[in-house]
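**Q** For reference, the chains in residue letters:
Number of protein chains: 2
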Amino acid sequence: MLARALVFDVFGTLVDWRTAISSAFEASGLPGDPEELADDWRARLWPATAAINKGTRSWSNFDELHLETLDELLADRGMELDVVKRRGLVAAWHRLEPWPDARDGLEALRRERPVAALSNGHVALLVDLARHGDLRFDCLFSAELARAYKPARVVYETAACLLGLEPEELMLVAAHPLDLAGARRAGLRTAFVDRPLEYGRGSPARDDPDADVSVADLHELSRRLG
Amino acid sequence: MLARALVFDVFGTLVDWRTAISSAFEASGLPGDPEELADDWRARLWPATAAINKGTRSWSNFDELHLETLDELLADRGMELDVVKRRGLVAAWHRLEPWPDARDGLEALRRERPVAALSNGHVALLVDLARHGDLRFDCLFSAELARAYKPARVVYETAACLLGLEPEELMLVAAHPLDLAGARRAGLRTAFVDRPLEYGRGSPARDDPDADVSVADLHELSRRLG
Chain A
1 MLARALVFDV
11 FGTLVDWRTA
21 ISSAFEASGL
31 PGDPEELADD
41 WRARLWPATA
51 AINKGTRSWS
61 NFDELHLETL
71 DELLADRGME
81 LDVVKRRGLV
91 AAWHRLEPWP
101 DARDGLEALR
111 RERPVAALSN
121 GHVALLVDLA
131 RHGDLRFDCL
141 FSAELARAYK
151 PARVVYETAA
161 CLLGLEPEEL
171 MLVAAHPLDL
181 AGARRAGLRT
191 AFVDRPLEYG
201 RGSPARDDPD
211 ADVSVADLHE
221 LSRRLG
Chain B
1001 MLARALVFDV
1011 FGTLVDWRTA
1021 ISSAFEASGL
1031 PGDPEELADD
1041 WRARLWPATA
1051 AINKGTRSWS
1061 NFDELHLETL
1071 DELLADRGME
1081 LDVVKRRGLV
1091 AAWHRLEPWP
1101 DARDGLEALR
1111 RERPVAALSN
1121 GHVALLVDLA
1131 RHGDLRFDCL
1141 FSAELARAYK
1151 PARVVYETAA
1161 CLLGLEPEEL
1171 MLVAAHPLDL
1181 AGARRAGLRT
1191 AFVDRPLEYG
1201 RGSPARDDPD
1211 ADVSVADLHE
1221 LSRRLG
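As you go down the protein sequences, you meet chains A and B in turn.
For the first sequence, the positions run 1 to 226 when this note's numbering is used.
For the second sequence, the positions run 1001 to 1226 when this note's numbering is used.
Be aware that a few hints might be false.
[What the hints assert, rightly or not] With the Cβ distance kept under 10 angstroms, some of the chain B side facing chain A (calculated, not the full set):
(1) Ala1005
(2) Asp1063
(3) Leu1067
(4) Ala1116
(5) His1122
(6) Ala1130
(7) Arg1131
(8) Gly1164
If you are wondering where the hints come from, they were derived from the structure by calculation, not from laboratory data.
A virtual CB, placed ideally from N, CA and C, is assigned to each residue, including glycine.
With the hints as extra help, turn the sequences into a complete structure.
**A** Written as structure tokens, this is what we have:
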């Protein structure tokens, strides 16, 4: 399994966004199921990122998109929230807890090769998440550097180029088949890591039969990559 | 002393390039004083980076510039070296030792605020140096991201923008007054750190009276910034 460096998806793959965002909704005092609100908010990102990739809207980072999609979510449900509380919900995305294996797993993996983030989150958000979770990366790569969102090919190519590697020398680790498929289209190797609780206990089962390797957590990935 | 994040120059400020490059010249079997050869090689970078900033030549990274300027140095002195040894000298820039206070000093500083590299070295080179020296940064910023070299204003502005900060919220730490002056032109705060051995025992004395703070090492900087 040749991979001279690893790049990691962050939201859902290394950190649990749903627990913190649900708690933030609960604390906000909004009515409704906080987990359902969290899922709705998260799902509203994709049309916005797709529009940016298509060129039908200009670049906006996750803070900007989170604020805008929260406003839409509230409007669609006829709910109101003052601006301080709305900004507090957006800020909650900067303080997400890592999955239990993430910190030590990254440490084990980076002993053998460079390990970087490759996230749709902007650089400032990734800095906050890495510091909050004490996640040590050798470098942070973001969609922001390419001004396009995964799964656009240029995002993966930018990371490989900045690491001085050919795409096939780089491996993306992610819990999301769409992200992994995008990486493969750019020529990267791929590792699927299962995160069966990303959407809570009722999470849909996922797998990626096309991945070079499929693991239950980062410790297993470390053993498999050697 | 308000600085919400710190960015660090790397070559000469955090790592000692001259000792390793002199040793590499010595090991190469080339005639002449290896320290003088190291100084000559280093000095040949600046006309190349200035030409890139002026737009009279296209972007090249440090590996490319190091190989080109080594060829010039050898030609000017009527010396020859096979390509494997030339590539070995270029690779030596990826394995430089940190100054004695750098690793622990960065750790102390990053407990209180984000700490990033901001170097003219390209990202892949910075990844290698940080791993070699076990230097922990929250993020690596490089001239490569702006496709211009320090002291061009856009390099500093790019780092501030990616951190989501106003320029005056960011402080550059460097041993080089020209770099610090460039940062100030971009609106950053500046910290001068003395590296009296950068050019060996005969290093010219340096200071920067315009810096917000002037320190002997990173531990003093950590105490001063609080």
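**Q** If any of the earlier hints don't hold here, list their numbers in rising order.
**A** As far as the earlier hints go, only 3 is violated by this structure.
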